[in-house]
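Chain residues, written in single-letter form:
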Amino acid sequence: MHGFHGRLLHIDLNCGKSSWLRLEESRLRAFLGGIGLGTSLLYDYAPPGVEPFAPANPLILTSAPLVGTGLTTTAKFAVVTKSPLSGFIGDSLSSSHFALELKRTGLDAVVITGRASSLVYIVITDDAVEIRDAEPLRGKTPGETEAIIRGELSLPDIRVATIGAAGENRVRFATISNEGRHAGRGGAGAVMGSKNLKAVAVRGHQEAQVWDERGVKIIANRLRERSLGAVTDKYRNIGTVANLAVFNRLGALPARNFQQSTFDEGDALSGEALTENNFSRSHGCASCSIRCERLFKALSGAEQRLEYETLFALGPLCGISDPQSVLQAAHLCDQYGMDTISAGGTLAWAMECAERGLLPETRKLNLLFGRSDGLLTAIKAIAERNGLGDLLAEGSKRAALDTGQGSAYWAMHVKGLELPGYEPRSLKTTALGLAVSPRGACHNRSGAYEADFSGAVDRFHGDRSRGGWVAATEDFAAVLDSLIICKFLRKCFNDFYAEAADLLGDVSGWDCSASELRRAGERITILKRFFNQREGWQPQDDWLPPRLLSEAVPTGVAKGLMLDAAELKEMISGYYQARGLDENGFVTERKLRELEVMKALPPGETPCQAMKPAACSKFSALP
Amino acid sequence: MSPPIPIASAVPITGSFLSCTVELFGSAQLLAKAKTVSLALPSEPTLARVLSALAEKLPMLVGRVIAPEKNRLASGFACNINGLAFVRDPSAKIASGDRILILSADAGG
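Residue numbers (the working numbering), protein chains in the order written: chain F, 318 to 940; chain L, 23 to 131.
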């Protein structure tokens, strides 16, 4: 097998046993790797109806065929589980050296089930697995944990993915962190914490074979060259923080918990101002030529990474206009291991509660729009589940259900996942993308916003045709997330599916076509929906928060514009039709057969013959 | 941030003309060290004419933001009129008082 190892490692923390299993080529070809492979394994390994924090809920780490090929932006891995925020699929990507090292262990996937009796971490080195005591690491930050594990193992090159205190405390939007990057959305860190698993460390020496090294090198060089051209200018020269001023100008920047769609005090937070006043240096993931990361100077002298979504969620969404406060809040979220979008969304919900006289403790904490002291105190309280923080650690959906008094009206989530920084009322295609996304309100699993920001459609009016746009962009994202290629490289392809098929063919030796890849993207998206359906999805889950359908765009160039329920319903209907779903959005048997979804899922993995017999003897079972 | 560049004619003013304002975002703003630029243009100008005038006034944008031909944007950039409509056609008409936004063509992140 080329491009893959054809092996999966299953670790059961209940009994401390692990087994290496063969991954069938048919599954890999059908679901590629990354998010696609993870989705297929989630479908197989998660018992139907499993509670996200139950030991049986699998935490799945997957690699992908392009990882380790040297192709720019491909050093990524996926984390897939049943999300404790949504109760549906939770899939995230993270990047850099951990991804490369995971693949060098000779594995395409690691499936972790069960729950250890005390806090542990797992060490995977080539054909050996060890489970070690992590109690001394309790409460440590991701950075501290990585350093301690490296020292403890005397392996300076070992790579570590870990949770912070938020994951240990099952904050439902906790992340898994590696090298300062995060598998951020959906609460995979909380699932990891529920397994009493502090970290996974990987070190290996097994490079996956590539079918045609010369062919891969030619394409890799071409893409690297394009990645340094004009289409990536924003990412290379300012980073994603450039979005803030643009979105503000276009009336697409949610502020004060979506009570505004512009932020008047946003000047100091613009990417341009941050670059002029606070820029420290740029940084890139392993194997990346774009280097989009921007590190900014905090008053403490430390450097802090900042992306648009973090800037939006801890800034305008909470009414915060001081860059240093946003940097400090981002730092705290990183230290505790929390998704900044869900943290900001939940805090903004609480701030609006305070504004409306609910949750008296918000006033004690100064958890009010524009108050950075309250913001910082509350982030800490969430991570530690102290006082009001215990409620907010549940995310805005559950916090609102618990609080009642109409507060669900201003809980800005879809399927329990808080909205990203795109105003759906003035970006109608985006509105549809957010409503129907299998993982909840997500701007990464569909690039629906591209239609709105390109002028290809009228962003102020929705219609049935948007269904096709969103379906196509979901499938595109599914292929990118499964091969894996960073989305910031997407415009460097002249004909994505054809070029990506050539690339996969050169890596794997398969005779791939553009249509096969398109079909794989559709298959992956359909399986995500089918998984959700099995877990109880209902048509009302594909919907937007009531505020967005009741209040006109409050400020900015689109002021007064409405997104009404009929308009959204029409777009959703168009989406279901474009997807080949039934009229209520359910995946049909016919669609499953057409895409050969079940055929691509083997009845069960078999023990891997490639496993060294001695491997199990190296395994340290828990006492 | 430097103050907006003052209104100045980018072309000889003979006969009727109109004024418009270009708003720069992202790399364009950092390169030009200006947030806005006012332009005076012959009547019924097109987007291509606006870009040409902008290139004359801010030559540092040529090659990075404005294509070397100076009548269209480089591939990573987009144009929006008044915050409302994205315009890709260089022959699109510009009206007096229009505000022309030059921004990244990539909204991702």
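Please note that a few of the clues may not be correct.
Think about it this way: if two alpha-carbon atoms lie no more than 30 Å apart in a straight line, the pair counts; the simulated BS3-like pairs of lysine-lysine are [as the list claims (entries may be wrong)]:
no., chain 1, residue 1, chain 2, residue 2
1, F, 876, L, 57
2, L, 115, F, 876
3, F, 334, L, 115
4, L, 92, L, 115
5, F, 614, L, 79
6, F, 614, L, 55
7, L, 92, F, 534
8, F, 808, L, 92
9, L, 115, L, 79
These are calculated hints, taken from the structure and not from any lab test.
Since we're looking at a predicted model, the values are computed, not measured.
So, going through the hints one by one against the coordinates:
no. : hint           : verdict
1   : F/876 to L/57  : holds, 23 Å
2   : L/115 to F/876 : holds, 25 Å
3   : F/334 to L/115 : violated, 70 Å
4   : L/92 to L/115  : holds, 17 Å
5   : F/614 to L/79  : violated, 34 Å
6   : F/614 to L/55  : holds, 21 Å
7   : L/92 to F/534  : violated, 35 Å
8   : F/808 to L/92  : holds, 22 Å
9   : L/115 to L/79  : holds, 20 Å
Going through the hint list in order, the structure does not satisfy hints 3, 5, 7.
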